[in-house]
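If you read the sequences in order, they're chains A, B and C. 66 is the number that our numbering gives to position 66 of the first sequence; each next residue is one higher, with no gaps. 180 is the number that our numbering gives to position 180 of the second sequence; each next residue is one higher, with no gaps. 246 is the number that our numbering gives to position 246 of the third sequence; each next residue is one higher, with no gaps.
The hints are simulated quantities; they were obtained by calculation from the structure and are not laboratory data. Fair warning: this is a prediction, and the values are worked out from it, not measured in the lab. Among these hints, one or two may not hold up.
As the list claims (entries may be wrong) - Over the 12 Å line for every Cβ pair with chain A, so calculated as not near, a few chain B residues:
#1 ARG7
#2 LEU18
#3 ALA42
#4 ILE119
#5 GLU149
#6 LEU175
#7 SER258
#8 LEU305
#9 ILE315
Said to hold, decoys possible - Coverage of chain A stretches by chain C, computed from C-beta distances (three or more under 8 Å per stretch; other residues unrestricted):
#10 193 to 200
#11 205 to 213
From the three backbone atoms N, C-alpha and C, an ideal C-beta is built for every residue, glycine too.
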Amino acid sequence: MSLIQRIDRPLLFTGILILIIYFVGASMFPQTLTDKYLLQQLQIASYFGVLAAGAMMVILLGHIDLSIPWTMSVAAIMSTAIAGPGGENSIAALSVPAALLFGCVVGLVNGFGVAILRVPSMIWTLGINAVLLGLQVFYTGGFAPQGSASGFMKAIATGHLIGPIPNALFVWLLISVVMVFILRRTPLGRYVYAIGNKEAATYLSGMRTRGVIIACFMWAGFCSALGGVLLAGYADQAYQAMGDPYLLPTIAAVVVGGTHILGGTGKYSGTVMGVLLLTLLSSVLSVLQLAEGYKQIIYGCVIIAMLLSYGRAQKVTA
Amino acid sequence: MADLVIRLRHNTGGLIALILFVVLLIVFIIIHPRFNMLALEATANQGAALALVAMGQTLPVLTGGLDLSIGAVLALSNSVGSELLSGPPWQIALGIVAVIAVGCVCGLINGLIVVFGRIQPIIATLATGAVYTGLALLIRPLPGGAVDESVSEALTYSVGGVIPTPVFIFIGLVLVVWLPLKNSILGRGIYAVGSSEVAAYMSGVPIKGSRLLAYTGAGFFASLGGLFLGFQTLSGDANGGVTYTLNSIAAVVIGGTSLFGGTGGVVGSIFGAYVLRIINSVLLFSGVPSLAQPLFQGAVLIFALMASALRLIGIRNRLDVMS
Amino acid sequence: MPRGPAMTATAEVNPALPNAFLSMEGITKRYGGVTALDDVDFACERHSIHAILGENGAGKSTLIKIMSGVTRADTGRMVLEGKEIEHLSPVDATRAGIVCIFQELSLMPDLSVADNISITNPPGRRGLINQRAQRRRAEELLARVGCEDVNPISRVRDLALSRRQLVEIAKALGRDPKLLILDEATSALTAADVEKVFTILRALRDQGTAILYISHRMAEIEAIADTCTVFRNSRYIQTFKQGERTPEQIVQLMIGREISQIYPPKRPNRPSAEPTLVVENLGWEDRLNGISFSVAPGQIVGLGGLDGQGQREVLLGLFGVLRGVKGKIKLYGREVNVRSPAAAKLPRNAIAMIPEDRKTEGLMLPMSIRDNLSIASLKRFVKAGMINRSLESTRVDAMIDAMRIKIGSPADAVGTLSGGNQQKVVIGKWLMTEAKILLLMDPTRGIDVGTKQEIYALMRKLADDGAAILFYSTDYDELIGMCDRISILYRGEIVRTLIGDDITEQNIVAASLNVDLGVRPAANAGASHG
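Okay, chain A solo, but in the shape it has when bound (with noise of 0.2 Å):
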């Protein structure tokens, strides 16, 4: 019964929350009554809710992916790089497969560290982050990252295919259709709950646990990726340093989504009502006008008090 109440708080929590902050923000500012502005902030919560995706199937696992930032930025870089220049080189159409492929490529270097030499992933993740970013500044020789984005990817990022629907949405859902067929249906999903229950059962169990390892994390590199050709394309550039401000905010939201930060338990629909409310929450703060430092604060506190609501750990008994 009480796993049962863990899962389901979250989403109770966060939908009441998000419909709070939603008539707070209204009241205050009508605008933020409007279709346009709901859209809008859907269209952002899709970039965030990419990202969200990767992080909670290594969260899942009972690790952490502290690249995010870099493996973003990178991506952004090398799709606007190939895409060059107005985002018209002829080349362009291999910008976001390119982006992607690296993304996977860093997941398997991840999963390398943490399945094959065992490295503590939070630390080992730490330090491809920081691998990434040299590598940036020594491609880009300190200067901004010339080129932009390709048509391709100002349409998904920005653009609306079927009515006012942003195309960000229509990604978002993809990749959550993904998450959900993995983690709900196949074997592959329930090896990432058992590992991230106890790993030595799983391995004993007959398991091969590294390969499930490795495949999180190019699936959590590969979102990483993405979110970061989805923000070049939106910023119809890409610049240094733009996936720092997101690391924080999404493990933030897969964590007050319902998932365990040491893994083993969480549902996808909580990451996704995470993902909405911390970008909901986030928008209205700005429209509030208050200085930036009011803003953290209630960031901060809005999480301490999520998580106090259904976030508490058992008592430790013999």
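On the provided structure of chain A, position chains B and C as indicated by the hints.
Leaving out everything else, chains B and C in the frame of chain A:
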């Protein structure tokens, strides 16, 4: 003799950090074009703030937790300091006390949330870090402020012109704060909780008190770091703590403390922090083009981590690597 | 029908003794929907070693936890040294001199032996610890339990399990207990170590300590206990003095039904079938050397000997967990190289291993019973990349029925089950992979008599159906009762193999100690060892 061997074996991590530090220092001295006491001083100063933060980070890590807000506490302390650390000596002294109090309160809040809120440290301190950064921004929206210069000189120069002051600061902290702490019941409780929380509970170890002490201690050392940074830069910067958090984790790991808790110590973390800083300095003088330096820094960190994987070669039972 | 003295009501001892050290009345404790203790009365006296018997789930461990303050009872009252108390906290219990040695060790692996021994009451003043005094105290206590060779500053993590259990006992002694509770505290100790511990216990009893002793080893209880109390299904059943009941009667009290025989009958030697598993010159590091044996379908081959002589490593090596294993392994006639448990599980090898520690190696405790049962055989329910949930459910339910696992619903977390039922889930998980070679690592350790019987019957049935079983156990009775052949290991080598009439306790013990008894026919080969 057997005792010495056992003690050495228990502290291999810290010893490796020490050896690494000495080797790098020697390399640095050799490479440096005009090595003199000033260069040594500068190196000591560059690493001092990180070493202090790393000392603080060690305590929660020993309990099997983590403090991701420690950089923010540093920035907050630094910002508060930039408001208070000027004027007559008694005012500066009060300012120092106030800054340290701020750090301890932040650490205590972290501890209360982790212990009584029973929220996992990683995410709890992630959130409180945002709050502390916000507070720092409210106090110091833009870098600036005023810090007394004479105290600054005393702290950042050398004693007798030979040994940099930070050396004495660290020796003093280890002797006066760390060793008594380690030998106290609560301090041993920190190790016990990190080693096996269930066993500690069954043995009647004061788990709550030990954890509270660990997180408060992290805040304490972070505030010392913020103080030093303030005296060093003569200003306050609310965003100055960003790299310190993750770097402190790297320093703690290099210093031989296990992220799983239960083993390690503060002394190793000091050396770990300086290893990180000296690598930067060595790269600076090594002729590697400045644009390639961040890449080298990252690569060195990765290679150091891969080296820690060498211990796997000797592992014959695959279950041993799964905790 | 019942043999031995009649089990009359006069044998019951009134639990609420006036001079009891600790007495409890009407104690009830529930964990969610499970009743752990149901209106239980109990008392323990000074100058007495009082054994507590009962299956897992009978309530023994919960009773102990309430006594030591680790858990609180829902209802009931406790009288400690004549004074009625509301409830106990671990601190109160410690102050009252109640010391517990639990099944799960309460040692911190990364701290030194000296630190662990003095963890609750370190010598020193004003919050600081006096290291030298602490070390001296550790040395004294270690000597008392026969561990003079253990350096007090060595880390507990670096000690063998039997040493750790002795350190645990030393730690308890150091707290000057008025009530000493041992809950399966000797499970990894050799007979010689156990005898040393018993000497200490008897001395403590004579000095006035009240001692509670919980163990599943009937032989130990016969040797040490003055009084015995039986619990069954969370209720108090009976208390009687040592000697007033036969082992059969005691077991009957514990499981509440008549048991004819604990071990299923062995099969007479079949015409030699082609061995399923052949091991030639198996070696690994310095722990295994020149191990050779074979197991044919239908055979249960035992690995015996003192703890830590390499038995565990043989099983791990066959399952692919160890690296650098030397020698030849042949399965079904072909030479193979099993590199991982995943490879061992493949249908062409069909090896299964029941690990030693079900909680950390066999189960994912927070996950459902269904998920735990199906995890090793999930591929069989997969079509087009997706799990066929209804097929999985059907098979899982069938296994739960077949193994008679007592559960609420398959969606419950496996961590809510009792130890015996948890072990059944572990075994069931592997049965679902249709394994033909079973490696069992002390599968009945810490499990109640009733479930043990079921596991023995299952083992024999699987063997009869053609499985080859390699069975490691620390319980001589089990080895004698179950195995067609026993290989005794000493220092990583097989020193003796016992077959048929040679399988006696005497021969096993002698071989375990590497003592040559010469050729000697066993006295009563057919005597029941129940």
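Hint by hint, work out which the structure violates, then give me just those numbers in ascending order. 4, 7, 8, 9
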